[in-house]
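K.L.:
Sequence:
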Amino acid sequence: MATPSSLLLSLLIILYLALEFDIARSDPDPLQDYCVADPKASTSSFFNGIPCINPNLANTQHFTTSALSLPGNTKNLFGFSVTLTNTQNLPGINTLGLTLARIDIGGRGIVPLHSHPRASEVTICLIGRMVVGFVDTSNRVFTKKLGPGESFVFPKGLVHFMYNEDVKNSAVAVSGLNSQNPGAQLVALAAFGSKPEIPEEVLKKSFEISECEIAHIRKSLGG
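Per mature numbering (1 follows the signal peptide of the UniProt record, and there is no 0), the sequence shown runs over residues -26 to -1, 1 to 197.
Hints were generated in silico from the structure; no laboratory data involved. Hints may contain errors.
List time: in silico BS3-like cross-link candidates among lysine-lysine, alpha-carbon distance up to 30 Å [as the list claims (entries may be wrong)]: (1) K119 - K142; (2) K142 - K49; (3) K169 - K130; (4) K118 - K130.
These numbers come from a predicted model, not from an experiment.
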């Protein structure tokens, strides 16, 4: 049987290796100056990032985009829109471990409780005012009202939100995330809009609600 001291030593070795070989990073560091995404590359193999074009074929247009210049459509259930940079509209971002997002929130709209499993996020309010916040793993809530030019950080993987208190006017923010593919999971849709559906008994026990309430929530979310 392993002794406490040997278990501690093993744990320290694993922690050291995790830090030494960067397995705790969001995305791996690139091995060249840039790797402009090749949209015509074969998709028969799957790996992190997108295959690169010949570096000699790279030009300025691969490193610029106007994708975030236009407002998004906020006429939806939650009243928000997110426009992302990706390897289609900004090929030069491939393998750099970055994503930019434009967030438009209509009057009384909300980017509902959600998380990014693979990235931390820093956001800056550009237009209007919004309430932002996140919940840590001890269920402590951190909130702040942001005005133009003010920023807020959402730690990796934690549930967070952005809410526009203004009834009439829209709010706009831009966020940076430290992953090419940060992922996004809305709490409400994960619980009540999954396919196939989570068993009702699980939802009843988890949220202390009835079958009728589950049906009502699913219907409200478009299920």
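K.L.:
Give a verdict on every hint.
P.N.:
Verification of the supplied hints:
1. K119 - K142: holds (17 Å)
2. K142 - K49: Measuring from Cα to Cα gives roughly 13 Å; hence the hint holds.
3. K169 - K130: holds (25 Å)
4. K118 - K130: holds (18 Å)
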